[in-house]
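Below are the chains, spelled out letter by letter.
2 protein chains.
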Amino acid sequence: MRKIGVKEIEDIAAGAAVYGTGGGGDPYVGKLMAIDAIKTHGEVTMLDVDEVPDDAIVVPTNMMGAPTILIEKIPNGKEAINAFSLLKDYLGKEIFATIPFEAGGLNSMIPFAVAATLGMPIVDGDGMGRAFPEIQMVTFSLGGVKSTPLVVCDEKGNATMFNTVSNKWSETLARAVTVASGGSTMMASYTMTGSQVKKTSIRGIVTKTEEVGRAIRIAKNKNTNPVDAVLKVSGGFELFKGKVCDILRKTDGGFVRGESKMTGIDEYKGKSIKIEFQNENLIVQTNEGEILATAPDLIVVLDIETGHAITTETLRYGNRGIVICIPCDEKWRTKDGIKTVGPRYFGYDVDYVPIEQRIKSRMGEF
Amino acid sequence: MRKIGVKEIEDIAAGAAVYGTGGGGDPYVGKLMAIDAIKTHGEVTMLDVDEVPDDAIVVPTNMMGAPTILIEKIPNGKEAINAFSLLKDYLGKEIFATIPFEAGGLNSMIPFAVAATLGMPIVDGDGMGRAFPEIQMVTFSLGGVKSTPLVVCDEKGNATMFNTVSNKWSETLARAVTVASGGSTMMASYTMTGSQVKKTSIRGIVTKTEEVGRAIRIAKNKNTNPVDAVLKVSGGFELFKGKVCDILRKTDGGFVRGESKMTGIDEYKGKSIKIEFQNENLIVQTNEGEILATAPDLIVVLDIETGHAITTETLRYGNRGIVICIPCDEKWRTKDGIKTVGPRYFGYDVDYVPIEQRIKSRMGEF
Numbered sequence: 001m002r003k004i005g006v007k008e009i010e011d012i013a014a015g016a017a018v019y020g021t022g023g024g025g026d027p028y029v030g031k032l033m034a035i036d037a038i039k040t041h042g043e044v045t046m047l048d049v050d051e052v053p054d055d056a057i058v059v060p061t062n063m064m065g066a067p068t069i070l071i072e073k074i075p076n077g078k079e080a081i082n083a084f085s086l087l088k089d090y091l092g093k094e095i096f097a098t099i100p101f102e103a104g105g106l107n108s109m110i111p112f113a114v115a116a117t118l119g120m121p122i123v124d125g126d127g128m129g130r131a132f133p134e135i136q137m138v139t140f141s142l143g144g145v146k147s148t149p150l151v152v153c154d155e156k157g158n159a160t161m162f163n164t165v166s167n168k169w170s171e172t173l174a175r176a177v178t179v180a181s182g183g184s185t186m187m188a189s190y191t192m193t194g195s196q197v198k199k200t201s202i203r204g205i206v207t208k209t210e211e212v213g214r215a216i217r218i219a220k221n222k223n224t225n226p227v228d229a230v231l232k233v234s235g236g237f238e239l240f241k242g243k244v245c246d247i248l249r250k251t252d253g254g255f256v257r258g259e260s261k262m263t264g265i266d267e268y269k270g271k272s273i274k275i276e277f278q279n280e281n282l283i284v285q286t287n288e289g290e291i292l293a294t295a296p297d298l299i300v301v302l303d304i305e306t307g308h309a310i311t312t313e314t315l316r317y318g319n320r321g322i323v324i325c326i327p328c329d330e331k332w333r334t335k336d337g338i339k340t341v342g343p344r345y346f347g348y349d350v351d352y353v354p355i356e357q358r359i360k361s362r363m364g365e366f
Numbered sequence: 001m002r003k004i005g006v007k008e009i010e011d012i013a014a015g016a017a018v019y020g021t022g023g024g025g026d027p028y029v030g031k032l033m034a035i036d037a038i039k040t041h042g043e044v045t046m047l048d049v050d051e052v053p054d055d056a057i058v059v060p061t062n063m064m065g066a067p068t069i070l071i072e073k074i075p076n077g078k079e080a081i082n083a084f085s086l087l088k089d090y091l092g093k094e095i096f097a098t099i100p101f102e103a104g105g106l107n108s109m110i111p112f113a114v115a116a117t118l119g120m121p122i123v124d125g126d127g128m129g130r131a132f133p134e135i136q137m138v139t140f141s142l143g144g145v146k147s148t149p150l151v152v153c154d155e156k157g158n159a160t161m162f163n164t165v166s167n168k169w170s171e172t173l174a175r176a177v178t179v180a181s182g183g184s185t186m187m188a189s190y191t192m193t194g195s196q197v198k199k200t201s202i203r204g205i206v207t208k209t210e211e212v213g214r215a216i217r218i219a220k221n222k223n224t225n226p227v228d229a230v231l232k233v234s235g236g237f238e239l240f241k242g243k244v245c246d247i248l249r250k251t252d253g254g255f256v257r258g259e260s261k262m263t264g265i266d267e268y269k270g271k272s273i274k275i276e277f278q279n280e281n282l283i284v285q286t287n288e289g290e291i292l293a294t295a296p297d298l299i300v301v302l303d304i305e306t307g308h309a310i311t312t313e314t315l316r317y318g319n320r321g322i323v324i325c326i327p328c329d330e331k332w333r334t335k336d337g338i339k340t341v342g343p344r345y346f347g348y349d350v351d352y353v354p355i356e357q358r359i360k361s362r363m364g365e366f
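These protein sequence lines are chains A and G, in that order. If you count the first sequence from 1, position 225 lands on 225 in the UniProt record's numbering, and the numbers rise without skipping. If you count the second sequence from 1, position 27 lands on 27 in the UniProt record's numbering, and the numbers rise without skipping.
One chain only, chain A, in its complex shape (with noise of 0.2 Å):
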């Protein structure tokens, strides 16, 4: 148990972005909302996953939609509180804490702000160990959570309780919603019980983005290499360095999709690579076709000179970046997790190799 204060949310929110894996949302709009309702309703309380009673109830928060929404359409801050007791009311129980339901980009801070807002502790932990664009992608589905009853709100004051069979049937019906509510919504799902957190989470996930996000900072206040200082953090392994030299970008269905071309430069000279992605990056191979990483792991452009994350919807032309891959977490790496974010449910035609595998034998080309 520890306190969550202002400077605790920038570095957390700095590692969020790098877990964002290219999506999750500008982690810049969320952390403003947070350090808002910490300014006004004092630091939050973040309890390790063990410290969570058995029998207490816990709710995931979240922004449902695209990325590039959030943008030009910010939250008025309420959305989130709604959704919250909406859920709360119906199910007629107090609810204990909230858990970020994606610990990477912007999904990493609402909690926070629902948290500070409404008294309450957050767990350290999440649902991805990443940020991935659909709602049934969660550990809490595949440990057997039920999402609904789901309820998400606009900004505009709509509401809107799911009841589905299941989890894939919450994120078609509540994607459409938020669509029509003109591209993101707040979202509170996958009520839990203290139990099911502790089988079902992924553990200190909150604290390792800060770790992430405090490397970086260190890095550049020392003037030392941040982009490394983020490889050590996070286990990561660098993939490719090199400039966008094009990219493809259009929202589409509550999801922001496209692809993004880049070529090499220092000891990747004369070589290039394309990263494709639906929010989130998913796979990154190079012109002649060789998978370099694929979803779940983590696949991440690192500005070269800040180390801080990019992500899709700001990735522009002449970036000067590094791709890295951090190892996503062994729950994904399950027949059912693969089934549930591996590449072939994206659409490849390609099966799941653990990146430290790929490195491996990559290395054994030399």
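No lab work stands behind these hints: they were computed from the structure. Among the clues, some could well be false.
Given that identical chains are not distinguished, each listed pair holds provided it fits within a single copy or across any two copies.
[Claimed, not checked] Taking lysine-lysine and the BS3-like style, the derived pairs with C-alpha atoms no more than 30 Å apart in a straight line are:
| # | residue 1 | residue 2 |
| --- | --- | --- |
| 1 | K250 | K168 |
| 2 | K39 | K271 |
| 3 | K146 | K78 |
| 4 | K156 | K146 |
| 5 | K232 | K73 |
| 6 | K73 | K250 |
| 7 | K156 | K339 |
Please read all numbers here as calculations on a predicted model, not as lab measurements.
Knowing the structure of chain A, use the given hints to seat chain G on it.
Same frame as chain A, now just chain G:
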């Protein structure tokens, strides 16, 4: 107060097809559902609006979606019951009766299936006096009744409850869920007290459709002209007689939209008209651009031989029909009514002129 059995249902369904003004869904599927429920659970008690106690709770039921969908995606029969009982649980109050949302088309029948199954009375009234494509287009809205809490259920078992900031937002969000659910859902909404029913509903419309249906049946038995019988009972006017020579129709955004063209026969030989529709027929004009009728008046194509209404989704090349227009209820002829369902709402740059006036001024031409 009277009992509605299988024979009455047959007549009501035939009349409801006329009052569907081309849309509202083919009553055939709904008729089978209603007859099946009556055979299983017994006849339904129909109350006059004045027989409803002022403080009793009345909830309309209806299908939402494009009529074309229903031909292939048959309801499983439980969606409407699910929607009704979820709403009841949410309200925490007993529901005294149901009432048709729209007396036209399929939606004339659904409430009978629900009433029979749940053993509750039905009220002889509705919110349209016909069929309209969007759910805010009810006289309940004009009378200040809120559409929410609004529940839609699909045949897969998904249930969604909306609380919106306006009845138009209910239309937008519930339509999005309906499309995502495959194009049709069953709905319970516009919870009212008996006093509100008295103030806002269109009274006696079920009996009116029954009278029209009975007139068609009797004309057939007596071998007299069924179209004349419909005109007499409904107070409608003949606009045109012709053959369908062109039809354009697409299912799009939860609606079936399009237009049909007809060339005249008999006394209309040499003339031609065009009818445009969004689920329901909205406007009919001659080839020269003279407007013969617009919504909210009821534009209906009747089969020349049988007098039965031809719906927009079954209309096809070669159909021989008589186009008639029935005056709409006076509630739609108010400023608010015309704003909600007049030709300008549907995108036509013309003023609404009541059909009686149009007929009168055309009579003056001679």
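For K156 and K339, with the copy left unspecified, which applies at a CA distance of at most 30 Å: within, between, both, or neither? For K156 and K339, only the inter-copy Cα distance (23 Å) is at most 30 Å; the intra-copy one is 37 Å.
As a check of your reading, is K39 near K271 (CA-CA no more than 30 Å) within one copy, between copies, both or neither? neither (48 Å within a copy, 75 Å between copies)
Up to 30 Å between alpha-carbons, please classify K250 paired with K168: within, between, both or neither. both (23 Å within a copy, 28 Å between copies)
Homo-oligomer pair classification [K250, K73; C-alpha up to 30 Å]: within (17 Å within a copy, 33 Å between copies)
Is the C-alpha distance from K156 to K146 at most 30 Å within one copy, between copies, in both cases, or in neither? So K156 and K146 pass the 30 Å test inside a copy (27 Å) and across (16 Å) alike.
Within a copy, between copies, both or neither: which one fits K232 and K73 at a CA-CA cutoff of 30 Å? Neither. Shortest intra-copy (36 Å) and inter-copy (56 Å) distances fail the 30 Å Cα cut-off.
State whether the alpha carbon distance between K146 and K78 is at most 30 Å within one copy, between copies, both, or neither. So K146 and K78 pass the 30 Å test inside a copy (25 Å) and across (23 Å) alike.
Comparing the model with each numbered hint stated earlier shows that hints 2 and 5 do not hold.
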